[in-house]
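From just these sequences and the hints, can you work out the full model?
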Amino acid sequence: MARRRLTRVLPGIMMWLVRIFFAVVLAFPFYWMLITTFKRNTDLNNLKNNPFLFNESPTLDHLKLLFNETLFPRWVMNTMFAGLIVVIITLVLAVPAAYALARLTGQWGAQLGIGIFLTYLIPPTLLFIPLSKVISFLGLQDSLWSIIIVYPTFTIPFSTWLLMGFFKSIPRDLEDAALVDGLTQWGAFVKLVIPMSVSGILTVVIFAFTLVTQEFVYALTFISSAAHQTVGVGVPTFLIRGDVYYWGSLMAACLITSLPIGFLYNLFLDRFIEGFTVGAVK
Amino acid sequence: MAVVETRKLNKVFKRGNVGAVVNVDLQSREGEFLVLLGPSGSGKTTLLRMIAGLEEPTSGEILIGGKVVNDLTPREREIAMVFQSYALYPHLSVFKNIVFPLKAQGVAKAQRQKQAEWAASLLGIQHLFERKPRELSGGERQRVALARAIVREPKLFLLDEPLSNLDAKLRASAREELEQFQKRIGTTAIYVTHDQVEAMAMGDRVVVMSQGSVRQIGTPADVYDEPADTFVATFLGSPPMNILPGEDVIVGFRPEHFLPPGVAERLGDHISFGFQISHGEYLGAERLLYGKIAGGAFDGRKAVSRIPATHAVSLPDGSLQTFAVALSDVKFFDPGTEKRTSRRSIPV
Amino acid sequence: MIRRQRWLGPAMFMPAVAYILALVGVPFVMAFLYSVSDAKVGSVSYHYVGLQNFISILHRPAFIRALQDSFVFTITSQVLVLIGANILALSLKDAFPGRRFFRFLILLPWVAPVSIGSLGWKWILDSLYSVISWVMVRMHLVNQYDTPMWLGEPKLAMMSVILVHTWHMLPFATVIILAGLTAIPKDIPEAAAVDGAGFFRTTFQITIPMMLPIINVAVLFGAIFTFTDMTVIYILTRGGPYDTTQVIPTEAFFTGILGSDLAEGAAISIFLVPLLIIAAYIALRSAHRAEVT
Chain Z
1 MARRRLTRVL PGIMMWLVRI FFAVVLAFPF YWMLITTFKR NTDLNNLKNN
51 PFLFNESPTL DHLKLLFNET LFPRWVMNTM FAGLIVVIIT LVLAVPAAYA
101 LARLTGQWGA QLGIGIFLTY LIPPTLLFIP LSKVISFLGL QDSLWSIIIV
151 YPTFTIPFST WLLMGFFKSI PRDLEDAALV DGLTQWGAFV KLVIPMSVSG
201 ILTVVIFAFT LVTQEFVYAL TFISSAAHQT VGVGVPTFLI RGDVYYWGSL
251 MAACLITSLP IGFLYNLFLD RFIEGFTVGA VK
Chain S
1 MAVVETRKLN KVFKRGNVGA VVNVDLQSRE GEFLVLLGPS GSGKTTLLRM
51 IAGLEEPTSG EILIGGKVVN DLTPREREIA MVFQSYALYP HLSVFKNIVF
101 PLKAQGVAKA QRQKQAEWAA SLLGIQHLFE RKPRELSGGE RQRVALARAI
151 VREPKLFLLD EPLSNLDAKL RASAREELEQ FQKRIGTTAI YVTHDQVEAM
201 AMGDRVVVMS QGSVRQIGTP ADVYDEPADT FVATFLGSPP MNILPGEDVI
251 VGFRPEHFLP PGVAERLGDH ISFGFQISHG EYLGAERLLY GKIAGGAFDG
301 RKAVSRIPAT HAVSLPDGSL QTFAVALSDV KFFDPGTEKR TSRRSIPV
Chain A
1 MIRRQRWLGP AMFMPAVAYI LALVGVPFVM AFLYSVSDAK VGSVSYHYVG
51 LQNFISILHR PAFIRALQDS FVFTITSQVL VLIGANILAL SLKDAFPGRR
101 FFRFLILLPW VAPVSIGSLG WKWILDSLYS VISWVMVRMH LVNQYDTPMW
151 LGEPKLAMMS VILVHTWHML PFATVIILAG LTAIPKDIPE AAAVDGAGFF
201 RTTFQITIPM MLPIINVAVL FGAIFTFTDM TVIYILTRGG PYDTTQVIPT
251 EAFFTGILGS DLAEGAAISI FLVPLLIIAA YIALRSAHRA EVT
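Chains as they are written, first to last, in the working numbering: chain Z, 1 to 282; chain S, 1 to 348; chain A, 1 to 293.
FYI, nobody ran anything at the bench for these hints, they're computed from the structure.
Only a predicted model underlies this, so the values are computations on that prediction, with no experimental measurement involved.
Only pairs whose alpha carbons sit at most 30 Å apart, straight line, appear in this in silico DSS-like list of lysine-lysine:
no.: 1; chain 1: S; residue 1: K96; chain 2: Z; residue 2: K191
no.: 2; chain 1: Z; residue 1: K133; chain 2: A; residue 2: K40
no.: 3; chain 1: Z; residue 1: K168; chain 2: S; residue 2: K14
no.: 4; chain 1: Z; residue 1: K191; chain 2: Z; residue 2: K168
no.: 5; chain 1: Z; residue 1: K168; chain 2: S; residue 2: K103
no.: 6; chain 1: S; residue 1: K67; chain 2: S; residue 2: K183
no.: 7; chain 1: Z; residue 1: K168; chain 2: A; residue 2: K93
no.: 8; chain 1: S; residue 1: K132; chain 2: Z; residue 2: K168
no.: 9; chain 1: A; residue 1: K186; chain 2: Z; residue 2: K168
no.: 10; chain 1: Z; residue 1: K191; chain 2: S; residue 2: K114
no.: 11; chain 1: Z; residue 1: K191; chain 2: S; residue 2: K132
no.: 12; chain 1: S; residue 1: K109; chain 2: Z; residue 2: K191
no.: 13; chain 1: A; residue 1: K155; chain 2: Z; residue 2: K48
no.: 14; chain 1: Z; residue 1: K191; chain 2: S; residue 2: K103
no.: 15; chain 1: S; residue 1: K109; chain 2: S; residue 2: K132
no.: 16; chain 1: S; residue 1: K155; chain 2: Z; residue 2: K191
no.: 17; chain 1: S; residue 1: K96; chain 2: Z; residue 2: K168
Non-contacting residues of chain Z with respect to chain S, defined by C-beta distances greater than 12 Å in every case (computed):
no.: 18; residue: E69
no.: 19; residue: Q111
no.: 20; residue: I256
no.: 21; residue: I273
Positions of the beta carbon are idealized from the N, C-alpha and C atoms, including for glycine.
Structure representation (structure tokens):
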């Protein structure tokens, strides 16, 4: 009897151990950022101190330094601005394209959709060398506009793919009804399909925006001045003076950047995953 | 002038495949309720969608009000359509659904309000104006779809199986209501269904379709009593017409005309068959008797008889009886074309 | 639809296609053209030099090493990701109190910018103030004056970048596998339970085989994102110490961008293409299956 109870309870306990173990390991760096942000340098640099505890009173010095004496606020603004423009370009190009490929072009539209999605798999590390030439040809080297122009090459394919799935799930009857009710095909798209797809479009907005904060290779390659950088490159490459790491401020910057993006992305995660798993989950 | 006319209309979806709609010639009459009836895959919905302008014909012409409309978009055809799923716009309230066609045409706001109230009052749904489609019952959804269809007073009404999403109980009353409604507004309607009961009950005329072609057009009584071929004969009626293939003719008669001994003698001109009853089914108001023809040119062919339960004759399972059909109730079909022939006698 | 609207579809997707062709298609072709030229950052004319760049880089021991390390980096981290993600996904499959919160914590390494997360690890793996070393000292596993140089010794550095990359990719694979797990109809494991299968039998003979298509997806994207990524390594070690953590993408970056040798850099990055072709083929096959079903 006791053994039976044990075998019944054991998987549950194991599950919890697994969950806690992974949560601790995966979230640990963020916890560590939090602790470091508020610790005094003398506390951080004393090897005798227990690094898990506040051995001296917490401080806001690192945050003050970050916002008053570094380019961090500038990078945040750059990132927001680039994010906004990338989102606009993505929506203007991907939403109509996805609708056309999902609805107006039949079988070969689906093929073209897969083709566009495949370009998402071509990595920056294959394209950055020729693209740097293209960027300098366009006169955009060391400008925020270089990445604004290039990032839609990620966001358009994935967004088109996501939205194609979304548009296909809208019953065809609705669009037919709108046509009979007196709209043109374009009118049905603007007045019926887009209002019905708000959540899909919002997903694309979040995806495009978070991508701008996450991308590293292109921004590192095309932008050389600290003042034009985004957060993702500025913090790890320009917040270090010579060989000196201001760990407190660095970790503060990491924390401030990660958590909002993490939170936003988390809200729409299930839809992103749908984009990757089309065909495999049935 | 016909409201809708099709001339040699064809639709082929994939090159090389058989047509979904084959050489359909159709003429509707002013104000009539025309039913397109056929099994799934018979091309009836494709035909309707071509009339609506949602599918492009491969060849042939479609005329609405005497004008060729092949090149017109759905919006230019000034028609209204009710879809099988009702296709209510899920993000819009009932009121906004109903005024949607008016808005699309640029009707002024005050006029929209007036017309929406008129349409809603015809269907008794004014109290639902603020609801969203997902908050409505099946019957309410159907009414909203109808209101949206009539709100701009179209020349023509197209309905694609609008009752098939309702449960059986609701369907009978909705059928009745829809029929009354069409008579009241007097707009020509084309109604697609696979349900023969709907077709018979509602249609002024019924177009029976199979494999893309029109098999017969006529009043419900025409297509039931005088089927043009064996397909129509067996598609209509439940149980379907008994079809007895013989050497050089196919003979058909309805189960309710296949009469037991005692009744047959009073018929006058009639044909008698030996009927080996295998089993009977008691259905309350009537009895169905299943069995085989015994002897003669049709020996061994399956047949069904349907007799009122009030007819109190003992017809036990396994017994051999003599049944009869009045000569006027026997239909003769050509074994090659399966169409009706002028022959009026059976081989012995 | 009706004849005169045929142009609408192409008009709606052509802008997007043109954009992609201009900024992915053209550079993609240019990458190949550069790899058979002698282009430098400043050069204006184009000279075809055949396979000379490829011959030159294949003669460089550093490149061969980077090529090998790319595979070590990708395969090791993907194996770890796969094992971890399957275990983690199984533990998250059923509802439990706090599931959303756990999911948020577990997802952080994927959703936070990878450069930022890597920077966090750089601090955790600091040569002097590493918290890991501190714990090991306290547990008397290492000597206080001889703590491990996590990013400064070749073997440890490779291990560190692999583990940090695994940390980054694990959540992505987990949520994909989780999506697959929740898509398995509930009645199938239930039928297995009625048929007398226990937890392990159900897991290994029912769940995992049914999960194979989705695991393929996780591996496919994981392998591409890993093989072509340079962020973790760039932040943590910049390929060091002594080029022992160089992989193809970092080699291409240091040669082509920082070293200004566009031609050789392009030739190096061309070595990413075969993997991409295999991945594209697998992706196409699964997309095709999606069309059929």
